[in-house]
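Protein chains: 2
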Amino acid sequence: MTDTKVNSDLQRERDKCTFNVQELTHVIDGGPHMTEERKKREETILKEGIHEDEVPTEYLSHKEKYEVAVKKACLLFKLMRRLQEEENNGMENFRAVVGGSLGSAILQDGSPLTLHYVMFIPALMGQGTVEQQAYWIGRAFNLDIIGTYAQTELGHGTFVRGLETTATYDPKTKEFVLHSPTLTAYKWWPGGLAHTANYCIVMAQLYTNGQCHGIHAFIVQLRDEETHMPRPGIKVGEIGAKLGMNGTNNGFLGFEHVRIPREHMLMKNSKVLEDGTYVNSPSSKLAYGTMMFVRVVLVNDMCNYIAKAVTIATRYSAVRRQSQPKPNEPEPQILDYVTQQHKLFIGIASVHAFKLSADWLWNMYNNVTEELEAGDLDRLPELHALSCCLKAVSTADAAECVERCRLACGGHGYMQASNLPLTYGHVTAACTYEGENTVLLLQTARYLVKAWQQVVGGNSLTPTVSYIAKVNSGRRSPPWDNTIEGIIEGFQRVSAAKIGICVANIEKRQKNGMSYEDAWNMTSVQLTQASEAHCRAILLSSYHEQTLSQVTNVSPELREVLLQLVDLYVVYWALQRVGDLLRFTSISERDIEQLQNWYEQLLTKIRPNAVGLVDSFDIRDEILHSALGAYDGRVYERLMAEALKSPLNAEPVNQSFHKYLKPFMQGKL
Amino acid sequence: MTDTKVNSDLQRERDKCTFNVQELTHVIDGGPHMTEERKKREETILKEGIHEDEVPTEYLSHKEKYEVAVKKACLLFKLMRRLQEEENNGMENFRAVVGGSLGSAILQDGSPLTLHYVMFIPALMGQGTVEQQAYWIGRAFNLDIIGTYAQTELGHGTFVRGLETTATYDPKTKEFVLHSPTLTAYKWWPGGLAHTANYCIVMAQLYTNGQCHGIHAFIVQLRDEETHMPRPGIKVGEIGAKLGMNGTNNGFLGFEHVRIPREHMLMKNSKVLEDGTYVNSPSSKLAYGTMMFVRVVLVNDMCNYIAKAVTIATRYSAVRRQSQPKPNEPEPQILDYVTQQHKLFIGIASVHAFKLSADWLWNMYNNVTEELEAGDLDRLPELHALSCCLKAVSTADAAECVERCRLACGGHGYMQASNLPLTYGHVTAACTYEGENTVLLLQTARYLVKAWQQVVGGNSLTPTVSYIAKVNSGRRSPPWDNTIEGIIEGFQRVSAAKIGICVANIEKRQKNGMSYEDAWNMTSVQLTQASEAHCRAILLSSYHEQTLSQVTNVSPELREVLLQLVDLYVVYWALQRVGDLLRFTSISERDIEQLQNWYEQLLTKIRPNAVGLVDSFDIRDEILHSALGAYDGRVYERLMAEALKSPLNAEPVNQSFHKYLKPFMQGKL
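First to last, the protein sequences are chains A and B.
Quick note on this note's numbering: the first sequence kicks off at 1 and runs consecutively.
Quick note on this note's numbering: the second sequence kicks off at 1 and runs consecutively.
Honestly, the hints are just simulated from the structure, not real lab data.
Do not take every clue at face value.
If several chains are the same, the list does not tell them apart, and a pair holds so long as it fits within one copy or across any two.
What the hints assert, rightly or not - Straight line, CA to CA, 27 Å or less: simulated DSS-like cross-link-like pairs of lysine-lysine:
| id | residue 1 | residue 2 |
| --- | --- | --- |
| 1 | K659 | K645 |
| 2 | K326 | K605 |
| 3 | K508 | K470 |
| 4 | K47 | K450 |
| 5 | K174 | K47 |
| 6 | K645 | K71 |
| 7 | K511 | K645 |
| 8 | K605 | K508 |
| 9 | K508 | K326 |
| 10 | K645 | K235 |
| 11 | K662 | K326 |
| 12 | K511 | K605 |
| 13 | K662 | K511 |
| 14 | K235 | K78 |
| 15 | K605 | K40 |
| 16 | K659 | K271 |
| 17 | K5 | K511 |
| 18 | K78 | K662 |
| 19 | K668 | K47 |
| 20 | K172 | K271 |
| 21 | K470 | K645 |
| 22 | K511 | K659 |
| 23 | K659 | K71 |
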């Protein structure tokens with residue numbers, strides 16, 4: 001592929017784009033200097049060539065995939081270390097290489113060292129005493145040791161209190177004894193645990209003086225620092241192949257009465273004294289911080305994956321031609337089919353919607369964290385509720401968007417060379433980890449039910465749920481307003497009404513003799529729906545508001561396009577939730593038909609800018625890693641080039657012909 | 001795992017089941033003798049042990065996966081041949097081993113020989129002359145040759161007329177010259193094409209005497225029968241790794257002026273005479289037959305995959321315990337969470353709904369085929385329209401069901417050992433092959449628009465669309481009837497209204513100056529939705545009617561359960577489509593709240609029988625192939641046993657430690 005000509009259909013799309021693509025890239029990055037920094041970082045890291053594969057990883061065995069991942073991860077973090085010394089700009093580099101963007105260009109199927117940086121070191125920082133931090137963080141940063149973080153067990157996931165691993169203090173030797181009393185107590189899932197890490201932070205039930213004090217964190221050495229052999233009593237290995245992320249080296253870990261020094265309990269919050277006396281934590285709410293941080297980061301990461309998928313599918317749709325609706329005319333680009341636009345453009349808008357909502361959540365997170373440090377815990381439950389439902393909705397929407405993009409590429413989307421299957425593997429995993437989505441929606445629902453009761457009790461509400469009081473104060477159904485603002489208010493009305501119905505159902509069930517817990521459970525399908533409705537209302541209004549402030553500083557051409565995307569997003573969701581709007585607002589059939597018409601017009605308006613819009617995400621070919629999505633649009637040449645990399649194609653006749661096929665055909669097998 | 005005790009939670013579920021599981025199995029199979037035959041077939045085939053793997057395939061390299069697939073496929077079809085000689089009962093055996101049930105136990109990731117039986121031989125039968133059949137089918141059945149079927153090209157999929165491969169007749173040598181004029185003309189996708197088949201039926205544009213006569217079928221030898229080397233001018237290889245089905249050996253194929261004898265054109269319908277004269281086909285509609293057959297079979301196959309997924313997820317949910325909603329009580333089985341029931345029970349009902357609808361479609365297919373053979377083509381368009389939308393909706397629903405089941409198993413569903421990822425790989429592929437779903441929905445929509453115009457013109461309608469006239473004849477909104485029958489009529493009303501709106505929109509757009517084709521395209525999102533609404537109406541009513549006749553012959557206990565499933569299915573879909581019902585029927589908010597309450601009560605009623613219901617699908621452990629779903633419910637033992645099979649676990653320290661990790665840690669990399 002020495003010829004670097006761009007596919008002419010794609011070039012024509014670029015020529016007719018009505019706005020300045022680079023201007024939008026700058027807006028998305030947060031300013032021209034941020035774009036420049038990002039591009040420089042990408043260039044610095046990618047020019048090392050660590051991402052290049054002799055044989056694409058999809059052709060390797062499971063074991064080889066791990067070995068390549070270790071090699072690449074070591075080379076990558078070696079480079080990170082060098083850059084940190086040279087540039088003293090480590091944090092941004094680290095963030096980029098562990099996230100879904102630059103990192104996924106190098107370690108496409110996950111990295112066995114990610115948890116060392118993302119969980120092990122932060123947990124030491126968050127839960128260790130000053131002395132512990134001084135000792136352990138130094139060793140971890142110097143890579144004297146490689147760590148991971150083990151919480152989930154074979155039989156226990158989201159419900160942390162149910163963990164079975166025990167850490168029993170022995171005052172005679174001043175040691176903790178770690179033990180896995182059952183098979184289901186085995187740690188299961190931690191990344192890097194299987195064959196990579198030699199140390200681990202283990203969450204276990206603390207027993208001292210015959211009493212259980214709940215879950216605490218302990219540092220355990222897993223392997224010999226020289227030989228890497230598992231230490232006595234340590235049962236460690238990998239959990240096996242998965243749908244995706246097969247480079248992460250997820251492991252299991254069991255303990256047979258493993259002794260560790262008392263000082264290996266992380267004691268920032270709670271302590272066990274030498275004699276076994278337990279000294280309680282000052283505030284258990286502080287532990288929420290890390291979990292929320294990860295969820296906030298996840299929302300942002302989802303944008304990267306949606307942006308990748310929709311870039312691939314949109315460029316492919318500009319190149320691919322199919323069918324002949326009009327006789328004697330050439331086959332149209334499939335991007336001209338309105339059904340295709342319907343599949344793709346909502347993905348483009350979703351990137352912007354989640355990106356701006358993630359920024360907004362990030363600001364709120366920083367404010368609340370500041371308040372926390374000043375001892376003010378008031379807004380913690382609100383932030384917790386928000387981060388739960390936004391994590392659930394953004395991961396679920398991202399999975400749907402990516403899969404829809406893949407299907408929109410027809411058969412070729414099913415090929416690994418499209419990079420859409422691996423992308424889906426990453427995104428769908430996020431629906432489960434860091435809090436399973438249904439569980440998270442129900443946590444938000446608890447907050448919403450409380451908020452409802454505060455309204456009924458005449459109390460004031462925190463900002464993100466204050467609309468509940470507002471829409472409840474007026475008449476039941478004011479006239480429908482078929483505008484963006486009107487639709488957003490409609491969504492708030494829907495959310496409030498759904499919460500109200502849930503509360504009424506729970507109360508009715510309690511009156512009929514059910515316990516609160518059973519009434520809650522019986523109503524839980526509706527509760528998840530109320531929680532999602534709340535999140536939709538938040539997303540629509542935050543996307544709308546953030547865009548209005550964003551467009552005050554852009555060119556008129558770009559302003560028009562950004563507002564079209566907001567319109568598309570809001571109208572799309574109105575049409576998706578038309579049943580809710582009909583139930584709880586005074587929208588009419590005529591309004592709905594107008595919305596449908598508006599939606600179809602928006603697709604037509606966005607159509608000429610579709611390629612420009614995905615170009616503005618400015619994702620390098622190495623990061624896209626897709627034969628269908630490359631910037632030059634040479635889809636078919638690239639598909640063939642990728643196919644020829646298959647080791648099966650290295651020989652004209654595979655050995656199985658002689659071994660099985662020929663004897664089989666000759667009746668001699 | 002020598003201990004064969006069943007998990008006690010699962011045993012308790014079985015003890016409390018209110019109906020006879022075996023009775024339901026007999027109903028599903030079509031009678032006790034059919035169950036017996038199926039079980040005997042499964043036993044005969046599985047006792048050979050072909051399905052057993054030394055190393056589970058998910059740990060192998062792409063090349064090894066193919067080699068194992070060839071080995072297993074050869075052994076399997078050798079067995080089939082033996083059984084055919086012994087039992088003379090070949091067809092049922094063949095059908096079972098190429099389908100999603102028994103076949104998937106042996107070749108979990110697809111088979112390189114399937115297309116030989118499913119496409120190559122049937123195409124010879126359907127398109128060859130008697131002489132051609134006599135020669136080629138014999139050779140194919142004897143396995144003197146192994147064939148496949150090549151239609152799709154790198155640049156051309158669903159739109160068959162767009163194929164580029166040419167077959168030009170040369171009267172001088174009485175040969176056809178096959179040629180791929182461009183890269184996009186390369187055949188791409190056929191299973192077994194890459195390294196397995198030595199013959200191929202190729203669809204190409206026929207040119208003779210300077211004129212193009214469209215797509216025709218040709219038999220081409222690809223490889224030497226002795227050496228298996230590609231023949232001169234044949235460019236053949238594999239297309240690369242895919243999301244799933246990596247055992248199918250999908251290939252590409254290009255021609256450089258390859259000459260084949262005139263007799264290698266399949267001439268049942270059209271002919272080229274020695275002098276190059278083209279003699280036309282008597283009826284081109286006959287070619288529809290095969291395509292429809294495959295789609296009808298697909299609907300049935302989808303049931304197998306949903307049944308597998310929901311068996312796995314339901315048994316796991318009975319074993320898995322999580323959280324503690326009530327203090328001092330043990331963690332409940334997750335099957336007790338209503339949100340979990342909401343995810344799973346619709347899957348159980350969907351198996352029955354699609355199974356009965358597939359039977360109904362199958363009968364219709366046979367009737368129409370008989371009429372066809374008698375020269376009556378009247379009902380062909382109706383059957384075509386039905387098979388299109390049912391294929392689209394059943395594959396899309398199956399993909400959603402399987403994925404929902406996987407997510408309902410939390411992290412463990414993400415493991416290959418659950419078998420849910422591979423199952424999804426099969427099902428989601430079916431959304432694209434044999435007609436991409438959106439394209440198929442639009443084909444049905446064409447039929448519906450015509451039906452609407454017939455109603456307007458006062459003409460009578462074919463049976464499956466006759467409801468359009470019926471619901472249009474009465475008043476716009478009769479009182480809502482909150483029963484199963486009422487809901488089904490509501491769905492018919494929705495479908496009819498949606499078709500009507502589409503027709504009106506197209507006409508309005510034409511009046512505003514658009515061409516019919518552009519107006520159709522602008523309305524196509526709504527058209528796919530109308531087509532889906534039609535399919536839902538058909539599914540609900542056929543499932544309901546078929547069940548009513550089915551339950552006349554079963555015990556009262558089973559009758560109750562089967563009717564609960566119909567209720568669940570119908571009410572579930574009513575709640576899913578509440579927006580449509582509000583728009584086009586007189587359903588009220590009160591009715592909706594009653595439906596929601598009814599739905600929640602149905603979940604509670606079905607809960608005690610959930611395990612019994614999936615047990616009645618009677619899927620052997622070898623076919624389920626899932627650590628989470630085995631009959632004994634020993635989930636955690638099996639997960640650990642599967643993990644220990646990973647080749648990475650064969651050594652305590654992986655070589656990458658010495659090669660990369662240690663030098664990296666020591667700063668010496």
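Results of checking the hints against the structure:
1. Taking identical chains as interchangeable, the C-alpha atoms of K659 and K645 lie at most 27 Å apart whether they share a chain (24 Å) or sit on different chains (26 Å).
2. Proximity of K326 and K605 under a CA criterion of 27 Å is satisfied intra-copy only: 22 Å inside one chain copy versus 54 Å between copies.
3. In the homo-oligomer, the alpha carbons of K508 and K470 lie at most 27 Å apart inside one protomer (25 Å), although the nearest pairing across protomers, at 41 Å, exceeds that limit.
4. Neither within a single protomer nor between protomers do K47 and K450 lie at most 27 Å apart by alpha-carbon distance, with minima of 54 Å and 59 Å respectively.
5. For a Cα distance limit of 27 Å, the shortest separation of K174 from K47 qualifies neither inside one copy, at 52 Å, nor across copies, at 58 Å.
6. Proximity of K645 and K71 under a CA criterion of 27 Å is satisfied in both settings, with 21 Å inside one chain copy and 24 Å between copies.
7. In this homomeric assembly, K511 and K645 never come within 27 Å of each other (Cα to Cα): the closest approach is 68 Å inside a single copy and 54 Å across copies.
8. In this homomeric assembly, K605 and K508 come within 27 Å of each other (Cα to Cα) only across copies, at 20 Å, whereas the closest approach inside a single copy is 49 Å.
9. With identical chains, the CA atoms of K508 and K326 are at most 27 Å apart between copies only, with a shortest distance of 20 Å across copies and 60 Å within one.
10. Proximity of K645 and K235 under a CA criterion of 27 Å is satisfied inter-copy only: 15 Å between copies versus 39 Å inside one chain copy.
11. When the C-alpha separation of K662 and K326 is checked against a cutoff of 27 Å, the pair qualifies neither within a copy, at 49 Å, nor between copies, at 65 Å.
12. Taking the closest pair of Cα atoms, K511 and K605 come within 27 Å of each other only across two copies (21 Å); inside a single copy the shortest separation is 54 Å, beyond that limit.
13. For the identical chains of this complex, K662 and K511 are neighbours neither inside a copy (75 Å) nor across copies (65 Å), given an alpha-carbon limit of 27 Å.
14. Proximity of K235 to K78 under the C-alpha cut-off of 27 Å is found in neither arrangement, the shortest distances being 30 Å within a copy and 44 Å between copies.
15. For the homomeric pair K605 and K40, neither the shortest alpha-carbon distance inside one copy (34 Å) nor that between copies (62 Å) is at most 27 Å.
16. Proximity of K659 to K271 under the C-alpha cut-off of 27 Å is found in neither arrangement, the shortest distances being 66 Å within a copy and 40 Å between copies.
17. For the homomeric pair K5 and K511, neither the shortest alpha-carbon distance inside one copy (73 Å) nor that between copies (43 Å) is at most 27 Å.
18. Taking CA atoms no more than 27 Å apart as the test, K78 paired with K662 passes between copies only; the shortest distance there is 12 Å, against 51 Å inside one copy.
19. For a Cα distance limit of 27 Å, the shortest separation of K668 from K47 across copies, 21 Å, qualifies, whereas the shortest one inside one copy, 55 Å, does not.
20. For the homomeric pair K172 and K271, the shortest alpha-carbon distance inside one copy (17 Å) is at most 27 Å, but the shortest distance between copies (96 Å) is not.
21. For a Cα distance limit of 27 Å, the shortest separation of K470 from K645 qualifies neither inside one copy, at 61 Å, nor across copies, at 59 Å.
22. When the C-alpha separation of K511 and K659 is checked against a cutoff of 27 Å, the pair qualifies neither within a copy, at 73 Å, nor between copies, at 68 Å.
23. Only between protomers do K659 and K71 lie at most 27 Å apart by alpha-carbon distance; the minimum there is 8 Å, versus 35 Å within a single protomer.
When held up to the earlier numbered hints, the structure conflicts with 4, 5, 7, 11, 13, 14, 15, 16, 17, 21, 22 and fits the remainder.
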